[in-house]
Amino acid sequence: MGTAEQTAEVVDLSETSIRELNQRLHDAADGGPQAWRITHPGGLHAIAAGINAPLEIDIDGHVGYYCVGMNKEANVRIHGSAGVGLAENIMSGTVIVDGDASQSAAATGRGGLVVVRGNAAARCGISMKGVNIVVEGNVGHLSAFMAQKGALVVCGDAGEALGDSIYETHLYVRGSVAELGADCIEKDFKEFHTAELTGLLAEAGVDADPADFKRYGSARQLYNFNIDNADAY
Amino acid sequence: MCGIAGLFSKSSSFEERLGDHLSDMLIQMADRGPDSAGVAFYRNPAPSGSSKLTLFSPEEGYDWDPIASELSSAFGGSNGPEIRASHAVIVVQTDADDAGRWVIDNHPELRLMSAGQTIEIYKEMGDPREFVERFGLRELSATHALGHTRMATESIVTTEHSHPFSTGLDLCLVHNGSLCNHNRLREQLRREGITIQTDNDSEVAAAYLTWKMREGASLTEALESGLDDLDGFFTFAVGTADGFAVLRDPIACKPAVMSESDDWVAMASEYRAIAVLPGAEDARVWEPDPGQVYIWEKEKV
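In the order they appear, the protein sequences are chains Z and Y. For the first sequence, position 61 (counting from the first letter as 1) is numbered 48 according to the working numbering, and the numbering increases by one without interruption. In the working numbering, each residue carries its 1-based index in the second sequence increased by 1.
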């Protein structure tokens, strides 16, 4: 997953502009190379944003803001750390970061999977709407703020105000939680949750025992939850 | 939005090229702050018993030789002026406080940018890329340096409103963000006898640190109490004679990234300013936690 084959199309960002790279990746939806290797990312912004094809992409190094934003279908592996807004509004596909991710990773994401091998900073999964996120390290404050759907798995610790004003996202944390946000409470595991967590850990390639995690979610006191609409989540 | 870059050398060979590398970092941050740019270089310590002033004249082609002679007559000898664009550095045989006061009293047409043993501050309006070339920053060696590119929000664009702001002898501050309570705080600090020269919010943060340290606080203590007293968004970088400190506001409104290699420690608003440093690809990179003071100093690295 996310590992391009040896025949990958190589784009060197010390020679090629971001606009040219992204145009070529967008054009690949209509045919052309499906495996890509992007070198010398140098912390540049908006690398591989707006892809709409099942491409396999490796990025060799640290990336800047809004990397892989709005991704559809592509599997992307970042061999480094990511700046603000990684995989913002991701629709589907997989994004794996070997290092850390800065603020607002996978913000507003609607689908797909985002894996951070290191730590994610503040506001991880803010307003997430269906994306699944697995963070092997810690997440910063205000993670899963107003989170609506999907799951956030944190193998380390969570910062202040976790899940503040949360709707129906499932939160799983193995370490400590500095403080739960408004209307976010600890909840029991049901069979479904154990299966979901087990599946996400396996999909992310994380060796962790689901029994070590605690689950958090909405107390449903802050928003107008109606059981008749449960299917919508 | 503004851009910050800080660079600290861990080897003497890197010191010789520090100006070149900080210039590269500053240019990467030009998009974040095209209004003006400024740097603080820590270099060429003044001999014991002497001190170093950086002066700014808004007058093009200002003749610096008379003031250098006057300083020699007043204090018995001076070196310089070493002129860089609109600025000049003069080494004076007296302590920095006396020398600085003498300039303010006798040459009101000039602006004292910095005073101390090692600090030199240069700042000017306009594109950061042109600033780097105009001031010949690439040729400067230094133990460490801070840089700032400004996109003005809270006050007008002039040389005086540019960063870094000097916070005391060999001390300076650069700021990305905005403060909400700077007007009231400015009045309070003026009542405490702290000199504040502009209506800029960041200068109030610099003045606040000056006041706290005058009252006996360490730099770390002064920054930590700033978390309670400075209302607003900030990533601060503070230069000292020995190194630099970094602090982000507790909710992390403004970005910061840090990195360390065998040769250097760097901080910047964005990683792309660090990516241009030699060995960046193998350096450790991390995001500083909000509300936590980070300090690098010569003897501790």
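Simulated from the structure, these hints should not be mistaken for laboratory data. In this text the structure is predicted, and so the values were computed from the model without any measurement. We put the CB at the ideal spot given by N, CA and C, even for glycine. Don't take every hint at face value.
[Unchecked claim] Pulled a few chain Z residues facing chain Y out of the computed Cβ check, cut under 10 Å: (1) GLY86; (2) ASP87; (3) SER89; (4) GLY117.
[As the list claims (entries may be wrong)] Far from chain Y by the CB rule (all over 10 Å, computed), these chain Z residues: (5) ARG11; (6) GLY48; (7) ARG207; (8) ASN213.
Okay, which hints does this one fail, numbers in order?
Failing hints, ascending: 4 and 6.
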